[in-house]
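Using our numbering, you'd call the opening residue of the sequence shown number 1 and step up by one each time.
Be careful, since some hints might not be right.
Claimed, not checked - Here are the simulated distance ranges between beta carbons:
id: 1; residue 1: Pro91; residue 2: Arg198; range: 23 to 33 Å
id: 2; residue 1: Met138; residue 2: Ile178; range: 31 to 41 Å
id: 3; residue 1: Leu175; residue 2: Gly75; range: 25 to 35 Å
id: 4; residue 1: Tyr196; residue 2: Leu162; range: 48 to 58 Å
id: 5; residue 1: Leu185; residue 2: Leu162; range: 50 to 60 Å
Because the hints were derived from the structure by calculation, they are not lab data.
For each residue, glycine too, the CB sits at the ideal point set by N, CA and C.
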Amino acid sequence: METFSLFHKGQKLQLLKFTWREPSKGENEKSKTDEIVKEAFHAASPAVIQKAHQELEEEMFDGIVSFPVEEEAKGVVHSVLGECSDEIIKPQQQQVAKFAAKQLIDIFLLERLIGKMSLPGPRFSEKEHSSMVLDSLMFDILLRQFFSIQQQQQATFENIPLRDFHLKAFTEVALDVILTELNKLVVEDMEDLREYERGAQVEGTRTEALTYVSES
């Protein structure tokens with residue numbers, strides 16, 4: 001019986017001997033690497049989760065708010081550009097009016113000089129020799145301006161946007177002049193009408209007074 005017990009204990013020790021073995025160096029390094037990876041993952045996971053939440057919130061915010069904000073921004077930009085264009089067009093209209101008035105005077109002078117140069121016989125008397133050079137210079141300058149105006153007009157007619165702008169500016173200036181003159185005429189007519197009404201009132205008062213005197 002004791003021999004069987006000793007044999008049984010020996011078998012158990014033999015099993016334990018073959019079952020347990022000391023871990024190798026590679027397994028120790030692998031377990032350490034796994035622990036380092038787990039620690040790094042646990043340390044970095046909150047930041048990754050927070051970044052994912054932030055990106056999701058930004059996408060939701062852009063999807064909800066971007067459309068009305070874009071529409072509102074377009075309206076504001078259109079209104080600001082409209083005000084700026086009005087402020088820019090007014091000085092341009094004034095410049096166009098001044099330039100057109102000057103060119104109109106130059107054309108009249110050019111026509112006068114052309115008429116003078118086309119007359120038969122001596123065009124200049126002896127007393128006008130001192131002004132011949134000046135007239136010639138003015139004639140050359142006006143001719144250059146005239147041909148320059150023709151070239152600019154041709155370029156304006158060929159350029160559709162510029163032609164539309166020129167037509168709009170000229171129309172607005174002409175309408176402004178016409179409305180100003182009509183306003184003056186209306187004011188004069190109103191003054192005449194008031195004068196006529198005052199005269200009619202005075203005449204009516206005088207007639208009533210004469211009627212009252214004759215009846216009394």
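Quick check on a hinted range of 48 to 58 Å for Tyr196 and Leu162, using CB atoms only.
Because 51 Å falls inside the window, the suggested range holds.
CB of Pro91 to CB of Arg198, is that within 23 to 33 Å?
violated (44 Å)
Take the C-beta atom of Leu175 and the C-beta atom of Gly75, compute their distance, and say whether it sits inside 25 to 35 Å.
holds (30 Å)
Using the Cβ atoms, figure out if Leu185 sits within 50 to 60 Å of Leu162.
violated (35 Å)
Starting from the hint 31 to 41 Å, judge whether the C-beta atoms of Met138 and Ile178 obey it.
Holds - the Cβ-Cβ distance for Met138 and Ile178, about 33 Å, lies within 31 to 41 Å.
The structure shown violates the earlier hints numbered 1 and 5.
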